[in-house]
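Asks: Take the sequences, apply the hints, and build the full model.
Which chain is which? The protein sequence lines are C and D, in order.
For what it's worth, this note's numbering labels the leading residue of the first sequence as 32, then goes sequentially.
For what it's worth, this note's numbering labels the leading residue of the second sequence as 1219, then goes sequentially.
None of these hints come from the bench; they were simulated from the model.
Glycine is no exception: its CB is placed at the ideal position from the N, C-alpha and C atoms.
There is no bait here: all hints are sound.
Covered, in the sense of this in silico footprint (three residues per stretch, anywhere, with C-beta under 8 Å from a C-beta of chain D), are these stretches of chain C:
(1) 42-51
(2) 158-172
(3) 245-255
(4) 304-310
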Amino acid sequence: MPLYEVLLQQFANGLILGSFYALVALGYSMVYGVIKLLNFAHGDLYMVGAFAGFGALSLLSGWLGGGWGGIVPAMLFSMLAVGVLGVIIDRVAYRPLREAPKLSVLITALAVSMLLENVALAFTGGQYTAFTTSLGFAGINFGLVHVTWTQMVLVGTSVVLMVVLELFVSGTRHGKAMRAIAIDQDACRLMGIDVDRTIALTFLIGSALAAAAGVLAGVYYGSINFFMGFLIGLKAFTAAVIGGIGSIPGAMMGGILLGLLEAFGTQIPGIGSEWKDVFVFAFLILFLVFRPTGLLGRPEVERM
Amino acid sequence: MKTARMLAAVGLFALTLAGASAARAADVTIGAQVPTSGSEAPYGIDMLNAIRMAAGEINAKGGVLGQKISIIPGDSACDPQAAVNAASKLVSQSVTGVVGGYCSGATLPTLKVYGDAHVPFVITASNSTELIGANPGNAFMINSTGFDQVKTAVNLFKARGIKTLAIVNEGDAYSANLAQLTRTAWEKLGKKVADYEVVNKGQQDFSPVVTRIRERNPDAVFWTAYYADGALLIKQLRQGGYAGMIALGDGNNSPKLFELAGAAAEGVFCFSNPTANFLPAARTFIENYQKQFHQPPGPYSALSYDGMMLMAHAITVAGSTDRMKIIAALKKTDNFPGIAGPISFTPQNTLARSNFVVLLGKGGQWTLYTGPGAPGAK
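Replies: Here it is as structure tokens:
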């Protein structure tokens, strides 16, 4: 392959990888933006989403087939189910700790993450599950660069979900309430905003997006397991920080940037992929040293 | 708090004593160190089944030294810390010997635990070359080591006219060890390693690595880590348009690979220790195993069965349950007839011959490859 085609292919790879990171990073960023909680269970909701989607697709593919006709309803089901799960987690594990020190909630989030992982482990026996769909490799060729329809639909779906979310948060009454809670919870209560319900809504949307990413990942990679949320959770967190945690467009940009960094990091001449993560995270440190608030984050006096 | 902890400790101690004395009544106790929990549990349970089956057959014929063999499982969970805990517990229960050992990373730290207590240890699956140097002398490896796997791999590559090679591993003790040994052996032949990649376990997306491999365009890609991620790599290599040869290390011999990789696994090679279904001498073993456990025996069951049989043989030869005498007897093992082939040991206590075979993915399952470059073929 000539170099420019290699680079073009790596760009496509990075974009696809990045859109997964971005979708998961959105939920991280939203929750942090509203209640200043690093929800470490978020990556595991991605995993639960993949399994919920897999279960739904197994039931639905009888009538609707294993193509997009079956995948879309399965994905919607998974988003709803995991969205509700997110709300339940907030109600049971986080809401009672709303006034507690931030560290207690953080540890609770870690506990929820372990809980979800180990429940999934118990259910699946640690086995890898094949996520079979009938999507082919067909697509468009740009020279030697091959991009499948599936990949295009994936990136497209991510973009649509992100745009809808941004419109929701910036344009609707509920979105305005979320932004207001982020600034001052007590003032919001005084102004008659139902704070707990708005936070629940934040969890609903954030978790549903993670589930969407989980189903898309299952469809795309064809294999799901109980541990799949761990690594992407870390990466998405990184993406959210790069983008400026709390900012929705920032999370998108951070995710895409991280995906591109990883793809091109593999390509640096002279060093192999052994050094990819060194490169990516060294960049992250430097970036944060010079721009601690991330790409689009606002400077803040109080931080955890 | 303190009292509660002390009470718990006393309770545990009492339990251990009770367990040990109950087992000591008349039996020869053998520890089975295998992962019975965690991601590797399916393999570990399989090995435990085979060990129990062997003990059952020995007991049906009167046991050893006129005593019955009883098996005490120790869960290594494929985790170094859990394995050391399990090993210490087995030692405290005064087992006569230990059979098992899966996941080299978990087996490695247990060598010292058994070594200090002079417990004879027959290792039936773990085969990292790191175990050889760390062996205090009481452990015996009846699975061929990484050196043999590299030899098998290099022979196959040479016979199939491979000139440039890409090696991909996951940076863990097992897969990095195999990858480095292969790189050294391949470069010693004056051939080229076109690409050497390390990926993260569970990373799912290998497309950047796939693009790099396509850029370097090696004749063959060698994946040295386990099947779950291997399946995804194979799929993405083929999806990305790589058409060359793909070979996999011995962590990939699983039917699950075909489920996860689908059609992409067709024509893929895999180096493996002999699994029961490719061993002519194991026919009765397969039938009995199927009858007893209602499933086909897994990858390391034949070796585990052999390991238990070898241990019993050594106890008989030693004529006592004296651990030092058993170790001496194991050391002198000369062509012990295992179902996976004859067992003798090198001065380093490793299997004296290579038991590696080459498998080929065909029709959604592994088949024995006998073409050019296969072990034993000319």
